[in-house]
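Trainee: Sequence:
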Amino acid sequence: MPVIQFSDVEIEALIAISKPLPVDYRSRLRTRSRSYSDKHEEGQLEVQMQDAGTFRIIIRKNRINPLDFSVILGYIPPERLKLFHLRRYNGVHKHTNKIECISFRAFHIHYATQRYQETGWDLDGYAELTDKYTTVDGAQELLLDECNFIRPDGERRQPKLL
Numbered sequence: 003m004p005v006i007q008f009s010d011v012e013i014e015a016l017i018a019i020s021k022p023l024p025v026d027y028r029s030r031l032r033t034r035s036r037s038y039s040d041k042h043e044e045g046q047l048e049v050q051m052q053d054a055g056t057f058r059i060i061i062r063k064n065r066i067n068p069l070d071f072s073v074i075l076g077y078i079p080p081e082r083l084k085l086f087h088l089r090r091y092n093g094v095h096k097h098t099n100k101i102e103c104i105s106f107r108a109f110h111i112h113y114a115t116q117r118y119q120e121t122g123w124d125l126d127g128y129a130e131l132t133d134k135y136t137t138v139d140g141a142q143e144l145l146l147d148e149c150n151f152i153r154p155d156g157e158r159r160q161p162k163l164l
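Residue numbers (this note's numbering): 3 to 164.
A few of these clues could be false.
[What the hints assert, rightly or not] Label pairs and their computed distance ranges (CB to CB):
#1 155 <-> 83: 17 to 27 Å
#2 82 <-> 24: 19 to 29 Å
#3 134 <-> 19: 14 to 24 Å
#4 82 <-> 123: 16 to 26 Å
[What the hints assert, rightly or not] Dumping the calculated BS3-like pairs for lysine-lysine here, alpha-carbon to alpha-carbon at most 30 Å:
#5 100 <-> 134
#6 84 <-> 96
#7 41 <-> 134
Derived by calculation from the structure, the hints in this document are not laboratory data. As the structure is a computational prediction, the values presented were derived from the model and not from experiment. Even for Gly, the Cβ is constructed at its ideal location relative to N, Cα and C.
Please work from the sequences and hints to get the whole structure.
Mentor: Structure (structure tokens):
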């Protein structure tokens with residue numbers, strides 16, 4: 003029987019936590035070459051919450067194809083080492099929701115769900131189509147907005163980067 007890591011209520015509570023961003027968060031999220039991949043760049047930022055674990059934003063993008071990217075909200079619970087993906091804002095590639103047997107090739111957002119855990123699929127195996135972004139920068143801004151990240155004082159919100 004599959005182990006349930008988080009209920010839907012717990013997932014929504016984690017998303018709802020206010021997560022303050024450091025002043026230099028944009029430079030820290032800037033993607034850079036990685037030694038393990040000559041095709042992708044990656045940027046990461048961790049936001050540690052007292053008694054609530056650590057949230058990690060991960061941005062991965064293909065150096066050649068601008069539609070091949072992921073902007074991920076991960077979570078590491080206190081006293082644990084494993085990273086759980088709570089949301090994943092993806093570019094264009096084929097995805098299949100295995101329970102629903104629905105496939106598509108378009109921009110989409112993955113959501114962590116209890117239902118997918120109960121059936122033994124990945125925590126964030128369920129995804130929905132989106133037209134809320136068309137670039138990695140637009141996906142990053144949407145993640146920050148939808149996942150309750152608090153921008154530093156004085157920073158003007160970036161215009162919607164579709």
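Trainee: Does each hint hold? Answer for all of them.
Mentor: Status of the hints after comparison with the structure:
1. 155 <-> 83: 17 to 27 Å: violated (33 Å)
2. 82 <-> 24: 19 to 29 Å: Holds: the Cβ-Cβ distance is about 23 Å, inside 19 to 29 Å.
3. 134 <-> 19: 14 to 24 Å: Holds, since residue 134 and residue 19 (Cβ atoms, about 22 Å apart) stay within the stated range.
4. 82 <-> 123: 16 to 26 Å: At 21 Å between Cβs, range holds.
5. 100 <-> 134: Given that 30 Å is the threshold and the Cα spacing comes to 24 Å, the pair holds.
6. 84 <-> 96: Status holds; Cα separation ~27 Å.
7. 41 <-> 134: holds (26 Å)
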